[in-house]
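These protein sequence lines map, in sequence, to chains A and B.
The first sequence begins at 1 in the UniProt record's numbering and counts up one residue at a time.
The second sequence begins at 1 in the UniProt record's numbering and counts up one residue at a time.
FYI, nobody ran anything at the bench for these hints, they're computed from the structure.
Chain B stretches covered by chain A per the calculated footprint, using a threshold of three residues with CB under 8 Å from any CB of chain A:
1) 18-30
2) 47-60
3) 123-133
Label pairs and their calculated CB-CB ranges:
4) B:Gly119 with A:Ala224: 42 to 52 Å
5) A:Ala43 with B:Glu125: 36 to 46 Å
6) A:Gly196 with B:Gly100: 50 to 60 Å
7) A:Thr62 with B:Asp123: 37 to 47 Å
8) B:Thr55 with A:Gly135: 33 to 43 Å
9) A:Ala52 with B:Gly32: 26 to 36 Å
10) B:Thr55 with A:Pro209: 31 to 41 Å
11) B:Glu83 with A:Thr146: 54 to 64 Å
12) B:Glu141 with A:Arg134: 54 to 64 Å
13) B:Gln98 with A:Met1: 31 to 41 Å
Keep in mind it's a predicted model, so treat the numbers as computed, not measured.
All C-beta atoms, glycine included, are put in the ideal place defined by N, C-alpha and C.
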Amino acid sequence: MDFLRPVTWEQALAYKAERPEATPIQGGTDVMVEINLDKGRPAALLDLNPVAELTRWSTEGTEIRVGAGVTYTRLIAELGPLLPGLAQASRTVGSPQIRNRGTVAGNLGAASPAGDAHPPLLASGAIVEAESVRGTRMIPITEFYTGVKRNALRPDELIRAVRIPAAAGPQYFSKIGTRNAMVIAVCSFAVALHPGERRVGTGIGSAAPTPRRAPEAEEFVAAALDWEGRSPLDPGAARRFGELVAGAAAPIDDVRGRADYRLHSLAVMARRTLGWAWNDYTGRGPA
Amino acid sequence: MRVNISVNGESMAADDVWEGESLLYVLRERLGLPGAKNACEQGECGSCTVYLDGTPVCACLVAAGQAEGREVITVEGLASGGELDEVQRSFVEAGAVQCGFCTPGLIVQAHSLIESTPGVPADAEIREALAGNLCRCTGYEKILDAVRLAAVRKHQP
Numbered sequence: 001m002d003f004l005r006p007v008t009w010e011q012a013l014a015y016k017a018e019r020p021e022a023t024p025i026q027g028g029t030d031v032m033v034e035i036n037l038d039k040g041r042p043a044a045l046l047d048l049n050p051v052a053e054l055t056r057w058s059t060e061g062t063e064i065r066v067g068a069g070v071t072y073t074r075l076i077a078e079l080g081p082l083l084p085g086l087a088q089a090s091r092t093v094g095s096p097q098i099r100n101r102g103t104v105a106g107n108l109g110a111a112s113p114a115g116d117a118h119p120p121l122l123a124s125g126a127i128v129e130a131e132s133v134r135g136t137r138m139i140p141i142t143e144f145y146t147g148v149k150r151n152a153l154r155p156d157e158l159i160r161a162v163r164i165p166a167a168a169g170p171q172y173f174s175k176i177g178t179r180n181a182m183v184i185a186v187c188s189f190a191v192a193l194h195p196g197e198r199r200v201g202t203g204i205g206s207a208a209p210t211p212r213r214a215p216e217a218e219e220f221v222a223a224a225l226d227w228e229g230r231s232p233l234d235p236g237a238a239r240r241f242g243e244l245v246a247g248a249a250a251p252i253d254d255v256r257g258r259a260d261y262r263l264h265s266l267a268v269m270a271r272r273t274l275g276w277a278w279n280d281y282t283g284r285g286p287a
Numbered sequence: 001m002r003v004n005i006s007v008n009g010e011s012m013a014a015d016d017v018w019e020g021e022s023l024l025y026v027l028r029e030r031l032g033l034p035g036a037k038n039a040c041e042q043g044e045c046g047s048c049t050v051y052l053d054g055t056p057v058c059a060c061l062v063a064a065g066q067a068e069g070r071e072v073i074t075v076e077g078l079a080s081g082g083e084l085d086e087v088q089r090s091f092v093e094a095g096a097v098q099c100g101f102c103t104p105g106l107i108v109q110a111h112s113l114i115e116s117t118p119g120v121p122a123d124a125e126i127r128e129a130l131a132g133n134l135c136r137c138t139g140y141e142k143i144l145d146a147v148r149l150a151a152v153r154k155h156q157p
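The task is simple: from the sequences and hints, build the whole structure.
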């Protein structure tokens, strides 16, 4: 095994072009588990920790550009007001020690269907900034996940940043697990209201081969909500929203939970998070 | 490969390090510092918690090469001049140690909480801070007592 240690982004891209089989490592919270438990042995590790620019985030117009080295801990501390859905999801990642090392870009690189960052990225309509020596690609999040632990990155590409629209309305994340820490999601859900466009974004986690949106549920509820008059959420519409979200999922039975439990809990989480978000939007306070 | 790390204030070098090796393995097996414990090797248990550039992390999830040129403080580095650190003393006095295997990780994580919190942290804050450290003996109550005791001693000496 080789250990590659670029100190600039250009060096990192050059290494990845030369050694496309190298596994990028940032926080190590996925990559090192694989190595420690001998589940896989990369040909080379490409350590991105020394590339200082990756640890920065910036505001670009209405987008927040989060560098690939920004940890969950920093995202929670610094980006809560701008990216509330992603910050909520980040709070549920692992433990403090894991959040001190883990990154959203690492979550994307691993592309586990259970990754906590995915649902809010889908609900917000994020863009993955992928780069190689050949140039930059802006990959819409809906095109990024291609299979279980597979993504749209080409072998010579690295994730440089994630671009996420700053929240234009309330956002919520919810997750089912056996306790409040160190939980891989049984399933998870994120909702984002986009009042300017009268649109609702959704993201489903751990209930299909890839994280995915629930397009029918989004369309149904965007039309059902009283954006102008801000009247209370109709309980029937909220229930229907939940059913449509569950209908968009394709879960399996596995060690963490059964498919029918996942469908049931998704419907409940979708209904509840929508209720919380709508109450915020209409100024009614907590449900 | 050779890895150079500042450990507990001392420059150290480890040779013949395998590229896939963890910082934990380097500390325990190459540098003779067995304080950080090796249990789950997947970040679940927190018993290998050390400071990396001032931030508590699971040493089992840091690749050895990632620690090159950085500063590591292990549980061995908390005591000074033969005197236990306040957190260590509080764990002993509160009876927060039973088999002791989880203790080094808990002490480093609790140390970080107390250093970064002005005043005595609320129980919810302590529980959240220690959520990634598993103990199978104590039931955690004595550990909470120890953390509160250490925080009181630090902030109301």
